[in-house]
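S.K.: In this note's numbering, each residue carries its 1-based index in the sequence shown increased by 197.
Do not rely on the hints blindly, as some may be mistaken.
Stated by the list, open to error - Here are the in silico distance ranges between beta carbons for each label pair:
(1) 221 - 201: 40 to 50 Å
(2) 283 - 239: 32 to 42 Å
(3) 238 - 284: 13 to 23 Å
(4) 230 - 206: 30 to 40 Å
(5) 223 - 202: 31 to 41 Å
(6) 290 - 238: 18 to 28 Å
(7) 235 - 202: 30 to 40 Å
(8) 284 - 241: 14 to 24 Å
(9) 257 - 201: 29 to 39 Å
(10) 249 - 297: 22 to 32 Å
(11) 240 - 287: 11 to 21 Å
Keep in mind the hints are simulated off the structure, nothing from the lab. Computed from a predicted model, the values in this text were never measured in an experiment. Note that beta-carbon positions come from the ideal geometry of N, C-alpha and C, so glycine has one too.
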Amino acid sequence: SPLRIANCVIHSINVVLVHLLMRALRLQRSWASMGAALFAVHPVHLENLPYLVGRADSLASCFLFFGLLLRLWARQCWCRLMSHRKRQFIVLAAHLAAMVCALA
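From just these sequences and the hints, can you work out the full model?
M.R.: Next comes the structure, spelled out in structure tokens:
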């Protein structure tokens, strides 16, 4: 059904975000790939795929990982580019919006 396909797409996005998050935390590519693969096949995360009710958990995870990536990116910009306050504000506002979406 199309709703289950959407759950699979959301889960795939989460796997990519986990990999990017681990790379942003400066883990080696092989460790980040193994961590993302473990996230992809772990039974706790896979039980959300066949059940439509599990979409809320998958979406909350998606927004949480995206918000954490934005926060790490903002921190890196803060250290490198002290003159770009406007960009930092936009990234931090997007981070807060993603966190609010994760809680909703």
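S.K.: Honestly, do residue 249 and residue 297 meet the 22 to 32 Å range at C-beta?
M.R.: holds (24 Å)
S.K.: Return holds or violated for the Cβ distance of residue 257 and residue 201 against the range 29 to 39 Å.
M.R.: violated (18 Å)
S.K.: Range hint 31 to 41 Å: satisfied by the CB atoms of residue 223 and residue 202?
M.R.: About 34 Å separates the Cβ atoms of residue 223 and residue 202, which means 31 to 41 Å holds.
S.K.: Quick one: are residue 283 and residue 239 within 32 to 42 Å, going by C-beta?
M.R.: 40 Å Cβ-Cβ, so the 32 to 42 Å window holds.
S.K.: Quick check: does the Cβ-Cβ distance between residue 290 and residue 238 fall within 18 to 28 Å?
M.R.: violated (35 Å)
S.K.: Is the distance from the Cβ of residue 240 to the Cβ of residue 287 consistent with 11 to 21 Å?
M.R.: violated (38 Å)
S.K.: State, for the Cβ atoms of residue 238 and residue 284, whether the hinted interval 13 to 23 Å holds or is violated.
M.R.: violated (37 Å)
S.K.: Should the hint that residue 284 and residue 241 are 14 to 24 Å apart at their CB atoms be regarded as holding?
M.R.: violated (37 Å)
S.K.: State, for the Cβ atoms of residue 230 and residue 206, whether the hinted interval 30 to 40 Å holds or is violated.
M.R.: Violated, since residue 230 and residue 206 (Cβ atoms, about 20 Å apart) do not stay within the stated range.
S.K.: Hint says 30 to 40 Å; check whether the CB-CB distance for residue 235 and residue 202 agrees.
M.R.: Because 23 Å falls outside the window, the suggested range is violated.
S.K.: Look at the Cβ atoms of residue 221 and residue 201 and judge whether their distance stays inside 40 to 50 Å.
M.R.: violated (30 Å)
Hint violations for this structure: numbers 1, 3, 4, 6, 7, 8, 9, 11, all remaining hints satisfied.
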